[in-house]
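Could you slot chain B onto chain A? The hints should help.
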Amino acid sequence: MSNNGATARLRDRRRTTGALRMRRGRARTRATALALLLGLVGAGVHAELAAEPTGRVEVLPARFGAHWVWVSDALFERVSLLDLDTGAFLGQVDGGYGVSSLEFGRTRREIYLPAIYYSRGTRGVRTDVVTIYDAHSLAPVDEVVLPPKRAVNPLPMGNAAVSDDGRFLSVFNMSPATSLSIVDLEARKRVGEVDAPGCGLVYATGRRRFAMLCADGSLLDLQLDDGGRVLRKRRTERFFDPERDPVTEKAVRAGDRWIFASFEGVAHVADFSGDEVRFDEAWSLFDDDERAAGWRIGGSQHLALHAATGRLYSAVHQGGADTHKEGGSEVWVYDLATHERVQRIELANTGLTVMGMSLEFGRDWPWPFDGLYGFLLDHVLPVFPVEYIAVTQDAEPILVTATSFSGSLGVYDAVRGELLRRVVSGNMTVQGLAPSPFRGDALAADAQAPPGSAQPARAAAFAMQEER
Amino acid sequence: MTRLDRRMSGLTRWLAKRTSRRGFLGRLGGALVGGATLPLLPIARAAQAREPAPGEPDPATPEGDPTHCDYWRFCSIDGFAASCCGGTATSCPPGTQMSPVTWIGTCRNPHDGKDYIVSYNDCCGKGPCGRCFCHRNEGDKPVYYAAKSNDIGWCFGTAGAVYNSTVSVVIGVATEPG
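Protein chains in written order, with the working numbering: chain A, -16 to 451; chain B, 2 to 179.
Derived from the structure by calculation, the hints contain no laboratory data. Positions of the beta carbon are idealized from the N, C-alpha and C atoms, including for glycine. Certain hints may be false.
What the hints assert, rightly or not - Some chain A residues flagged as far from chain B (calculated, every beta-carbon gap over 12 angstroms):
hint: 1; residue: 39
hint: 2; residue: 49
hint: 3; residue: 119
hint: 4; residue: 120
hint: 5; residue: 184
hint: 6; residue: 240
hint: 7; residue: 252
hint: 8; residue: 257
hint: 9; residue: 265
hint: 10; residue: 305
hint: 11; residue: 325
hint: 12; residue: 379
hint: 13; residue: 420
Said to hold, decoys possible - Stretches of chain B that chain A covers, calculated by requiring three or more beta carbons in the stretch to come under 8 angstroms of a beta carbon on chain A:
hint: 14; region: 117 to 129
hint: 15; region: 135 to 145
hint: 16; region: 160 to 171
This is chain A alone, in the form it adopts within the complex (with noise of 0.2 angstroms):
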């Protein structure tokens, strides 16, 4: 019926006037913007999202970012990886308890771990253990246990280290007495201790060399065997004078030398290029007239070196005795070549956070309030002193500056020593900077291989392990 009614209506039609033809015209307009808005709603629906695969979890890309750096948080228990150009949270490693430190691989894009749990929390039994996080995925892909006596102590360095040639991991012991555990990287497994009373930390000097220094002003010279056994162990000559101005533990390492400011801003510096370790003659970071008007140095991490321009940065501050602890209000460049200052960089404060959240304010409100933040910062609120630095090591380097007690970091230009901006953290405090490696593809033959392929049963084990 509806056909034959159509068919009549279309008869009727083919009698139409030409005035229903103009009228119908305007008709077809009006149906075809109809049809093309009706168009356009259905390429709206056809522009609705699609059903999306759950269980995504990203990856790091294979080259890191020149400025990307690692920030440890003793109460969150972790190290976070920031993106200080675009101040993005790019991942996380998690620690134990106290300030976790990473050390980096040398040979495979690897980050190592040593923490210490407890099975109640902060009760229970003790568990030392390196951690072995695969650096694309950030993901614990291993682990090598360790005797449950690994040094408890605030400091970002010093407490582990690995041998230039990536094999061994030398990890600090105090019981109190002291030794090193070494971990064989390539067999993930404990190889050995190395007793060293007197002395203290440790720090990569060689291939299979180590440091350590000891209470009565010199170093432990120590070489590891291709088993990690000791090829040799024997001190150096005093080269400071621990009671009346000891080094602090801050060192920073330029090539075969590590240099070692001390409580009264003298450089001792460390040459291991050599089988025997000689000293440089050491150097004032001070002149008569700055030590009278108070500068010293400070702070927990208040040394740092551009390596390629041999610029080393110190954190410096107005005070009396005892004050190595102080953060620094200013950070001091020296030229390494000539031991000449020749930048002086005046720091802001590094911002503020509650509960690893910004406390920052104002930014998109109209002038002058937009600037009320960087106002009250700078100029009405108490400074909290610097007492972290750390440099990146590319040609555009970044001088990144943060304090214990907010997760907010200051980001400098470090050749002009320009503030930038503030980055949080998202952290709640700040115990150490590491700018991260594997920015280059010096890594990258290690990078085609899946992360725990060295050790298929161990790595394996391990995952079993961890689902359990």
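Frame of chain A; chain B shown alone:
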């Protein structure tokens, strides 16, 4: 339009939108004034400080005030004073364990003018106390100089290495300044 004009017109519009909200401006003013007075507090305190300094003996506290970081026994401490955490200057908070191994400092007692050797034993087995974070470091040495280093977690010989707070026990009179 100059930059200043643009800024001022933006500011005017922004204010116009908010002037009815007196509370907001009041709060902003309060925040500014409050913020400005914050840093004055320690300065004012320092300016008004009379002898003896807080923590030192006075008629009210003849032995000094052990809930204050200026207390004479705390001269080499870098941690939480047990006296603020449920313990006293010489005893640990309930349920913790006192480490038998420690670092030492030499502090002058303003009450008798003598120097005393102070043993800083850590209280262990519970998480950090968080009260009276005293950071004085007088005579403190780096970690490799263990006996005089307050950066070391000294919870040895106890059930666990977890640090809670620190006591300051006099173990003798110093014969020479430390």
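Each hint tested on the structure:
No beta-carbon of chain B is positioned within 12 angstroms of the beta-carbon of residue 39 of chain A; the least distance is around 36 angstroms. Chain B leaves residue 49 of chain A outside its interface by the beta-carbon criterion, the shortest separation being 32 angstroms against a cut-off of 12 angstroms. Consistency note on residue 119 of chain A: stated as away from chain B, and its beta-carbon is indeed over 12 angstroms from all of that chain's, at 33 angstroms minimum. Taking the minimum C-beta to C-beta distance to chain B, about 31 angstroms, the non-interface status of residue 120 of chain A holds against the 12 angstroms cut.
Annotated as non-interface, residue 184 of chain A brings its C-beta within 12 angstroms of a C-beta of chain B; the closest such distance is 6 angstroms. Residue placement check: residue 240 of chain A keeps its beta carbon more than 12 angstroms from all beta carbons of chain B (closest about 19 angstroms). Interface exclusion of residue 252 of chain A from chain B stands, the closest Cβ pair being 17 angstroms apart, more than 12 angstroms. Non-interface status of residue 257 of chain A relative to chain B is upheld: no Cβ of that chain comes within 12 angstroms, the nearest being about 24 angstroms off.
The Cβ of residue 265 of chain A sits about 17 angstroms from the closest Cβ of chain B, beyond the 12 angstroms cut-off, so the non-interface label holds. Against the 12 angstroms criterion, residue 305 of chain A falls within the reach of chain B, whose nearest CB is about 5 angstroms from its own CB. Against the 12 angstroms criterion, residue 325 of chain A stays outside the reach of chain B, whose nearest CB is about 28 angstroms from its own CB. No beta-carbon of chain B is positioned within 12 angstroms of the beta-carbon of residue 379 of chain A; the least distance is around 30 angstroms.
With a cut of 12 angstroms on Cβ distances, residue 420 of chain A stays outside the contact zone with chain B, its closest approach being about 25 angstroms. Counting residues of the region 117 to 129 of chain B whose beta carbon lies closer than 8 angstroms to any beta carbon of chain A gives 3, which meets the minimum of three for the stated coverage. For the region 135 to 145 of chain B, the stated coverage by chain A holds: 10 residues have a C-beta nearer than 8 angstroms to a C-beta of that chain, and at least 3 were required. With 5 residues having a Cβ less than 8 angstroms from any Cβ of chain A, the region 160 to 171 of chain B passes the three-residue criterion, so the hint holds.
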